[in-house]
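> The lines below spell out each chain.
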Amino acid sequence: MKPRVLVQRFFFQPLIKFVFGLNILGRENLKELPQFILISNHNSHLDTLILLSALPCYKIQNTHPLAAKEYFSRNKLLFNFMNWLLQPVWVDRENPSDALAEMQTLIEKGHNLILFPEGSRGEAGVITEFKSGIGRLASNNPDLAIVPAYLEGPERSFPKGTSFPIPLCNHLTISPARLLTGNPQSITEHLHEELMTLAHEEQSARQQRPVPHSKPVHVAILGIDGSGKSTLSRMLAELETQSCCLVSDSIQNYKNGKPCDTQPLLLDSVRKWAGKKAKQAKSLKSYKIPKLTELILRDKLLSDINRWYRPDAVYLDGAPLLNMTAWAVLYKEQFFNRETCIKIIDALTGVSIKKRDPIFKQFPELKTLRKIGNLHKPDVMIFLDVPAEVCISRIESRGEDKQVHETTEKLTRLRDAYLLICDVLAEQAHIIDGNRPLVDVVADATKVVQNEN
Amino acid sequence: MLQFKQLRYFLVIVLAILASIFLNSGISILILALLSFVALREYLSLLDIRIEDRFGILVSYLSIPFLFYLVWINWYGLFIISIPVYTFLIVPFFIALGGRTRGITFSVGAIDFGLFFFVFCLGHLAYLIAYAPMMAALIIPIIAICDMLARKFPTKHFYYALLSLLIITPILVLVGPLVEIPPLLSLCLSIIIIALVYKGHFTLNAIGEDLGIRPDRLTPGRGLALDSLKAYLYSIPVLFHCLRWILHIGDPK
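Same order as they appear, the protein sequences are chains C and A.
Using the numbering used here, read the first sequence as starting at 1351 and increasing by one per residue.
Using the numbering used here, read the second sequence as starting at 1021 and increasing by one per residue.
A few of these clues could be false.
Here are the simulated lysine to any residue pairs, SDA-like style, with alpha carbons at most 25 Å apart [to be verified]:
{"#": "1", "chain 1": "C", "residue 1": "1565", "chain 2": "A", "residue 2": "1125"}
{"#": "2", "chain 1": "A", "residue 1": "1025", "chain 2": "C", "residue 2": "1650"}
{"#": "3", "chain 1": "C", "residue 1": "1481", "chain 2": "C", "residue 2": "1458"}
{"#": "4", "chain 1": "C", "residue 1": "1629", "chain 2": "C", "residue 2": "1650"}
{"#": "5", "chain 1": "C", "residue 1": "1510", "chain 2": "A", "residue 2": "1046"}
{"#": "6", "chain 1": "A", "residue 1": "1025", "chain 2": "C", "residue 2": "1481"}
{"#": "7", "chain 1": "C", "residue 1": "1367", "chain 2": "A", "residue 2": "1046"}
{"#": "8", "chain 1": "C", "residue 1": "1367", "chain 2": "A", "residue 2": "1112"}
{"#": "9", "chain 1": "C", "residue 1": "1510", "chain 2": "A", "residue 2": "1025"}
{"#": "10", "chain 1": "A", "residue 1": "1025", "chain 2": "C", "residue 2": "1556"}
{"#": "11", "chain 1": "C", "residue 1": "1367", "chain 2": "A", "residue 2": "1207"}
{"#": "12", "chain 1": "A", "residue 1": "1025", "chain 2": "C", "residue 2": "1374"}
{"#": "13", "chain 1": "C", "residue 1": "1381", "chain 2": "A", "residue 2": "1081"}
{"#": "14", "chain 1": "C", "residue 1": "1367", "chain 2": "A", "residue 2": "1122"}
{"#": "15", "chain 1": "C", "residue 1": "1510", "chain 2": "A", "residue 2": "1121"}
{"#": "16", "chain 1": "C", "residue 1": "1565", "chain 2": "A", "residue 2": "1122"}
{"#": "17", "chain 1": "C", "residue 1": "1367", "chain 2": "A", "residue 2": "1238"}
{"#": "18", "chain 1": "C", "residue 1": "1367", "chain 2": "A", "residue 2": "1173"}
{"#": "19", "chain 1": "C", "residue 1": "1565", "chain 2": "A", "residue 2": "1123"}
{"#": "20", "chain 1": "A", "residue 1": "1025", "chain 2": "C", "residue 2": "1369"}
{"#": "21", "chain 1": "C", "residue 1": "1510", "chain 2": "A", "residue 2": "1030"}
Part of the chain C face toward chain A, derived, beta carbon under 8 Å [what the hints assert, rightly or not]:
{"#": "22", "residue": "1430"}
{"#": "23", "residue": "1558"}
{"#": "24", "residue": "1700"}
Note that these hints are calculated values from the structure, not bench results.
Here a beta-carbon is modelled for each residue, glycine too, at the ideal position from N, C-alpha and C.
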């Protein structure tokens, strides 16, 4: 036995086994093969040594890995040592065809090869596209067994850009050999797919640090009663590709457009109760307090949703901030204009306003509301513009009891107020004509949401 | 349920006990130092480490020979503070040398836990085996029995406690005097073992779940060491201190 094989057998193999804790799965897949090309993913300098230590002793002698010439030739001593120990096929990256010819000669001699079809080490843990060399070799030698192997661990033990390895466990999975025929490109693609599948099956589940959570996008669907905002918000939630939460009369989480488990929130039960009280109100005066409570709780719920469900997007059936602002028109129409509208929004979202500002005299409720806390301003607003008469007819067709404000006159005023708000918040607001078939409305709304994302 | 491969690390501990009784305590300490290395390596492999933690990890491995050398020379005073004082101060420094600050608190905490559990607690086991091998020869199989029962009844706390009490207390009380453990202390120890093995299972199962250890895919490097050693590592430090406090094991004569 040659000295270089002895060095590998009695120095590198035990080193890899005991320091880098190598576990090999499927070693038997290599044992019976007379000749093979072993291909694997490449993330580290340890890869070659690990693959060689998986081979039986008598095969190490006739096995040649591929190595990049320009990388190792920087240090002459290292180059000579590598040349002696591994007897690699040196690849000149500018002229790879020489290496291909050399590999073909070795194959004809009956030797084995270790190839990293990705070419270079690349980003840790990512399998990139394969270079075409492996496809060409396999296509030229249809009787040659090709063995895909998946290496996990070297990208953590000795990743690219680090100067020393650290002892961490490594896993090597060797899959059964394949005989491939066809054109080089299809073989390359096939092998890439095989390795990806192997990686997917064999990857360890590891601990993962929580990724810093970004604030979810709040999409509010506005509109007067009967404009179809509940339906639209539900449909948008169902069309959302990421995880999202729908805040309508009840709360529902969606994942990939399908409703999923939603842990009940205590605040939501209180909110539903307040909402029920508001619906039963006989006059605008008795409607005011329960509705305000409901809206404040609905806003507080947004914080809870963010904390407990962590959705990527939240679809709101009406935004508490804007509903409150618009409702000012029903109670204090004489003060409601563009200027007060801006001020109300500022006051509710926590922008500092002088204490003696006339707005607090016109709307004394604002003082209390400011004490309760700031309300969320939605990132995207979609206003469903539907004439009040249409809405009333829709509400009547539902056959439910009409709420106290559901008259043509009041809804018209509300609609004007919403339009004014949309004008004020022109950056976020999008007005969609809601008096059309639902499909068109949903298509338009989806476009708006996609553009905003 | 206990699988045969999970006995592997129990057998290593048994080997260390046999080495300590029949050969030399130094050999048993060496065996346990290697076990500590394997277990710590597995834990760190499962952890989500940052590339900047590499210096810290290298230094944490160096704490293994340091600690086990102290066991060998029986310098109890330094042994007991080596990890909680020196290593816990040195390793964060080397992690901080890595440069990037984002996530450093997590790294320090996670690596320190690994050191505590797989080096310090295993160091206690080494101390017990090196200086009271006969007691260890009684206690380790007792813990193994409790470990097995805890795996058999993962949710039935009452059955576990009752069965363990019925099985291990008579053994401990009867065999205890042969290895110089008085019967009353044996009784106390049996209760401590039952409680700690269960706590060990509960705690380490939670940690194992976060580390991505899957019970159906326990292989070396993917959680086998952590899973097999949890009962021993959780209970041995407390038992060791009880025995040391009352029976003065390991005291220089």
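> Taking the hints in turn, state whether each one holds.
Quick rundown of the hints versus the structure:
Distance hint between residue 1565(C) and residue 1125(A) is fulfilled; the C-alpha atoms sit about 23 Å from each other, no more than 25 Å. Our distance criterion of 25 Å between C-alpha atoms is broken by residue 1025(A) and residue 1650(C), whose separation comes to about 52 Å. A C-alpha spacing of about 22 Å is found between residue 1481(C) and residue 1458(C), which places the hinted pair at or below 25 Å, so the restraint holds. Simply put, residue 1629(C) and residue 1650(C) have alpha-carbon atoms about 20 Å apart, close enough for the 25 Å limit, and the pair holds.
For the hint linking residue 1510(C) to residue 1046(A), the alpha-carbon distance of about 39 Å lies beyond 25 Å, and the restraint is violated. Distance restraint check for residue 1025(A) and residue 1481(C): the Cα-Cα separation of roughly 41 Å exceeds the 25 Å cut-off, and the hinted pair is therefore not satisfied. Taking the CA atoms of residue 1367(C) and residue 1046(A), the gap is near 24 Å; set against the 25 Å cutoff, the hint holds. A hinted pair counts as satisfied when its Cα atoms are at most 25 Å apart, and residue 1367(C) with residue 1112(A) does not qualify at roughly 29 Å.
A hinted pair counts as satisfied when its Cα atoms are at most 25 Å apart, and residue 1510(C) with residue 1025(A) does not qualify at roughly 35 Å. For a cut-off of 25 Å, the pair hint linking residue 1025(A) to residue 1556(C) stands: about 21 Å separates their Cα positions. Simply put, residue 1367(C) and residue 1207(A) have alpha-carbon atoms about 44 Å apart, too far for the 25 Å limit, and the pair is violated. Restraint check: the Cα-Cα separation between residue 1025(A) and residue 1374(C) comes to about 16 Å, which is no more than 25 Å; the hinted pair holds.
Straight-line distance between C-alpha atoms of residue 1381(C) and residue 1081(A) comes to about 35 Å, which puts the hinted pair past the 25 Å bound. Restraint check for residue 1367(C) and residue 1122(A): not satisfied, since their Cα atoms lie roughly 33 Å apart, outside the 25 Å limit. Of the pairs offered as hints, the one joining residue 1510(C) and residue 1121(A) holds, with about 21 Å between alpha carbons and a cut-off of 25 Å not exceeded. The suggested pairing of residue 1565(C) with residue 1122(A) holds, with an alpha-carbon distance near 19 Å, which does not exceed 25 Å.
Restraint check: the Cα-Cα separation between residue 1367(C) and residue 1238(A) comes to about 18 Å, which is no more than 25 Å; the hinted pair holds. A hinted pair counts as satisfied when its Cα atoms are at most 25 Å apart, and residue 1367(C) with residue 1173(A) does not qualify at roughly 36 Å. For a cut-off of 25 Å, the pair hint linking residue 1565(C) to residue 1123(A) stands: about 20 Å separates their Cα positions. Note on residue 1025(A) and residue 1369(C): the hinted pairing holds, with a Cα-Cα distance of about 21 Å set against a maximum of 25 Å.
This hinted pair does not check out: residue 1510(C) and residue 1030(A) have alpha carbons roughly 37 Å apart, beyond 25 Å. For residue 1430(C), the interface hint is violated, the least distance from its beta-carbon to any beta-carbon of chain A being 28 Å, above 8 Å. A hinted interface residue such as residue 1558(C) counts as satisfied when its beta carbon comes closer than 8 Å to some beta carbon of chain A; here the least separation is about 5 Å, so the hint holds. A least Cβ separation of about 29 Å between residue 1700(C) and chain A goes past the 8 Å threshold, and the interface hint is therefore violated.
Comparing the model with each earlier hint shows violations of hints 2, 5, 6, 8, 9, 11, 13, 14, 18, 21, 22 and 24; every other hint is respected.
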